[in-house]
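A.B. asks: Taking the hints into account, I'd like the entire structure generated from these sequences.
Heads up: the protein sequence lines correspond to chains A and S, in order.
For the first sequence, position 257 matches number 257 in our numbering, and the numbering has no gaps at all.
For the second sequence, position 226 matches number 226 in our numbering, and the numbering has no gaps at all.
Read the hints as simulated data drawn from the structure, not as lab findings.
Even glycine gets a Cβ: it sits at the ideal position worked out from N, Cα and C.
Careful, some of the hints might be misleading.
As the list claims (entries may be wrong) - Which chain S residues face chain A? A few, computed with CB under 10 angstroms, are given here:
{"#": "1", "residue": "ILE8"}
{"#": "2", "residue": "GLY96"}
{"#": "3", "residue": "GLY97"}
{"#": "4", "residue": "VAL99"}
{"#": "5", "residue": "SER102"}
{"#": "6", "residue": "LEU105"}
{"#": "7", "residue": "ARG110"}
{"#": "8", "residue": "ARG111"}
{"#": "9", "residue": "ASP257"}
{"#": "10", "residue": "ILE259"}
What the hints assert, rightly or not - Which residues of chain S face chain A? A few of them, derived with a C-beta cut under 10 angstroms, are:
{"#": "11", "residue": "MET1"}
{"#": "12", "residue": "TYR4"}
{"#": "13", "residue": "ARG258"}
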Amino acid sequence: MTAVIETESLKKTYGKHEAVRGLNLCVEAGSVCAFLGQNGAGKSSTIKMLLGMIHPTSGTGRVLGHRIDKESESLLIRQNVAFVAEDKRLYDYMTVAQIVRFTKSFFPGWKRDLEQRLLAQFELPLDRKVRQLSKGMRTKLTLLLGFARGCELLILDEPTEGLDPVAIEDVLQIVVSLAAQGTTVFFSSHQIAEVEQVADHVLMIDRGQLVLDAPMDQVKEEYRHIHAVFPEPVEERDLRLPGVEKVQTEGRTVSLTASHNVDSIVAHVRMLRARSVDVLPVSLKEIFLEKVRARG
Amino acid sequence: MLLYKAWIETRVRFASGLIAVAIVCIFQIEQHAWLVAMWAREWADPKGYHFSWMPLGIHEYGWYLWHYLYDNYLQQVWALFAILFAFGGLIRERSGGTVLFSLGLPVSRRRWLFSRLAVALLESIALSMFAIVVVVIGSAIIHQTFSLQQMLLHTALMIAAGVFLIAFGNLCYTLFPGNYLSLVLTLVLLGAPYLWLQTYMQHMRYLGRSTWLGYFDFAHAMAGPWQLNWSSAPWLTLLLTWTLTAALLAVTVVHGDRIDY
Chain A
1 MTAVIETESL KKTYGKHEAV RGLNLCVEAG SVCAFLGQNG AGKSSTIKML LGMIHPTSGT
61 GRVLGHRIDK ESESLLIRQN VAFVAEDKRL YDYMTVAQIV RFTKSFFPGW KRDLEQRLLA
121 QFELPLDRKV RQLSKGMRTK LTLLLGFARG CELLILDEPT EGLDPVAIED VLQIVVSLAA
181 QGTTVFFSSH QIAEVEQVAD HVLMIDRGQL VLDAPMDQVK EEYRHIHAVF PEPVEERDLR
241 LPGVEKVQTE GRTVSLTASH NVDSIVAHVR MLRARSVDVL PVSLKEIFLE KVRARG
Chain S
1 MLLYKAWIET RVRFASGLIA VAIVCIFQIE QHAWLVAMWA REWADPKGYH FSWMPLGIHE
61 YGWYLWHYLY DNYLQQVWAL FAILFAFGGL IRERSGGTVL FSLGLPVSRR RWLFSRLAVA
121 LLESIALSMF AIVVVVIGSA IIHQTFSLQQ MLLHTALMIA AGVFLIAFGN LCYTLFPGNY
181 LSLVLTLVLL GAPYLWLQTY MQHMRYLGRS TWLGYFDFAH AMAGPWQLNW SSAPWLTLLL
241 TWTLTAALLA VTVVHGDRID Y
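C.D. replies: The structure is reproduced here in structure tokens:
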């Protein structure tokens, strides 16, 4: 598979604060890649660097084969990338019709049929000024302006923030449908349930560093909680095996989080004479919380 | 479309500029008869004021228009609005929260800058042309005639030198923090020395004195001599102004390319 987004040791500092610390990313063409992280983890800074809005302090990156640190190439990137920012503010003095016409003029591949469908689906009034729209309506308009661009890569920063559950479902369906047509989607979100619903790859970032980079199927299949009860308390070090991400002991009860190698870990736990061993699936939310807390 | 956006953003300012220019021109045309009568009385009175320009003011309507409009009030109003037309851009959009939408479009920062400046320049030109229309109509009403060619030449000179103000103002907007604070700072930084020097140097010229401050009298460079032609045009000043304008634009471009949004 071809990589549409690649970064190598990407770094961004603001004064003494390191927002992004040596990030190595790879997003493959045709994937729906979720970019997870806490507030201030470096998600928006990374996205802005990919689009030439901020300049990397060091490191390199490519989007659709174009270098992100050159203004001339950044322009080529933005011709083929539809970006929806976290702060979904638009020119409030324009009407819906004016801003659609304005945005359309920059994208030769504009999908007029999708534009018309979304205008109707989102019930956006063409003659109303952007400043008169509610927050939810403005978000829908911003998403329409991103989706209809007909670009090969869609970068969405918190796309569903401020939307009601019905609108969120609509947006996720559109994302899935665009992905099915071959558009690569790279989106950041705090809504982990949404990520589980649509993403096929997960990137997790914490304090500017990548802490998880795996296909969603692998995460769902390989991440497991292993609960074991022993006749006597066991040492935590006895359970430090390849694949064990986290160990929690409470008296004779041990709780492990494994990212891979589950069968061997279970065999090892049984060998330590555990009375009972339960293997349970782990939700993405739990993985996220554990990754973040483990580094806390 | 970028020009369209810049036009929508500045059209209220442009309409305000038209009103201001109309007021200044109509007021000066309306004042002509009264001022000429007063100067004639003073000139005839041995104890009255006797300035060297008075005969010109009394007998040459063209001089009157040049002095009050192109060497003073019209120029000041035009300069103010030229600076106001240039106000805006990506830095301002950052305060308004729309900069990420703008930068997400396949438009270079330079194209954003120059399209906005192009609209500011076109609006400034339109404003000065509107002044000519008002003067032509107003002068016909008060039965005064003047050289339209001279008026066009002075307009051209005002614009040619005035591009410096647009470039300088634009650089200030890029460098200064805040939204309206940057506008106020720019107006103070540009307006205060401009107006003070204009007033001071006019006074010195009335007294027939010269000073080194004359080299910085940008307002006089914009007005030129009242009888403007190919040979009397301040070419050296214009060349210097254009060089400085190009330098200011270059600094703005380089600085703008480095800004993180």
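A.B. asks: Evaluate each hint against the coordinates.
C.D. replies: Do the hints match the structure? See the list:
Interface hint at ILE8 (chain S): satisfied, since its Cβ lies 6 angstroms from the closest Cβ of chain A, which is below the 10 angstroms cut-off. A distance limit of 10 angstroms between C-beta atoms decides the matter here; for GLY96 (chain S) the minimum to chain A is near 7 angstroms, and the interface restraint holds. Taking 10 angstroms as the C-beta contact cut-off toward chain A, the hint placing GLY97 (chain S) at the interface holds, the least distance being around 4 angstroms. The interface hint given for VAL99 (chain S) is met, as the beta carbon of that residue sits about 8 angstroms from the closest beta carbon of chain A, less than 10 angstroms.
The closest approach between the C-beta of SER102 (chain S) and any C-beta of chain A is roughly 8 angstroms, which is under the 10 angstroms cut-off, so the hint is satisfied. Restraint check, LEU105 (chain S) versus chain A: the minimum CB separation of about 5 angstroms is within 10 angstroms; hint holds. The criterion of a C-beta within 10 angstroms of any C-beta in chain A is met by ARG110 (chain S), whose closest approach is roughly 8 angstroms, and the hint holds. Interface hint status for ARG111 (chain S): upheld, as the beta-carbon distance to the closest one in chain A is roughly 9 angstroms, under 10 angstroms.
Using the Cβ-Cβ criterion of 10 angstroms, the hint placing ASP257 (chain S) at the interface with chain A is satisfied: the shortest such distance is roughly 6 angstroms. With its C-beta approaching chain A no nearer than about 9 angstroms, ILE259 (chain S) sits inside the 10 angstroms limit, and its interface hint holds. At about 4 angstroms, the closest approach between the beta carbon of MET1 (chain S) and any beta carbon in chain A falls short of 10 angstroms, and the interface hint on this residue holds. Contact between TYR4 (chain S) and chain A, as hinted, is supported at the beta carbon level, the nearest pair being about 7 angstroms apart and thus within 10 angstroms.
For ARG258 (chain S), the interface hint holds, since its Cβ comes within 10 angstroms of a Cβ in chain A; the closest pair sits about 7 angstroms apart.
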